[in-house]
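Chemist: Sequence:
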Amino acid sequence: MSELRRALYASRSLAQISGKILQIDSKLRFSWLLLRREPYNRGEFSSIYAAVLNLGMALSAAARSQ
36 MSELRRALYA
46 SRSLAQISGK
56 ILQIDSKLRF
66 SWLLLRREPY
76 NRGEFSSIYA
86 AVLNLGMALS
96 AAARSQ
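Using this note's numbering, read the sequence shown as starting at 36 and increasing by one per residue.
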């Protein structure tokens with residue numbers, strides 16, 4: 036998984052990845068499905084995707100804090 040993460044970040048900046056997540060969610064509304072409502076604010080939206088990415092990449096608590 037760390038190889039995949041390195042490849043992802045090597046080709047794109049974190050801002051580009053965040054922008055893509057916003058674009059995809061604006062069409063699919065995946066965050067709405069997870070919350071069963073529209074996110075109240077950008078902080079709540081960001082928290083949802085941080086949790087999804089952490090679970091998807093199987094990051095440990097120590098790795099998440101870096």
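Worth flagging that the hints you see were computed from the coordinates, not collected in a lab.
None of the values given here were measured: they were computed from a predicted structure.
Check before you lean on any hint, since a few could be wrong.
Stated by the list, open to error - Here are the simulated distance ranges between beta carbons:
| hint | residue 1 | residue 2 | range |
| --- | --- | --- | --- |
| 1 | Arg41 | Tyr75 | 13 to 21 Å |
| 2 | Arg72 | Ala42 | 28 to 36 Å |
| 3 | Ala93 | Leu63 | 30 to 38 Å |
| 4 | Ser37 | Trp67 | 30 to 38 Å |
| 5 | Ser46 | Glu73 | 28 to 36 Å |
By construction, the Cβ of each residue, glycine as well, lies at the ideal position given by its N, Cα and C atoms.
Chemist: All hints, please: hold or fail.
Modeler: Hint-by-hint comparison with the structure:
A C-beta distance of roughly 34 Å is found between arginine 41 and tyrosine 75, which places it outside the suggested range of 13 to 21 Å. The given range of 28 to 36 Å is respected by arginine 72 and alanine 42, whose C-beta atoms sit roughly 35 Å from each other. Between alanine 93 and leucine 63 the C-beta distance comes to about 23 Å, which lies outside the given range of 30 to 38 Å. The hinted window of 30 to 38 Å between serine 37 and tryptophan 67 holds, with their beta carbons roughly 31 Å apart.
In this structure the hint that serine 46 and glutamate 73 lie 28 to 36 Å apart at CB holds, the actual value being about 31 Å.
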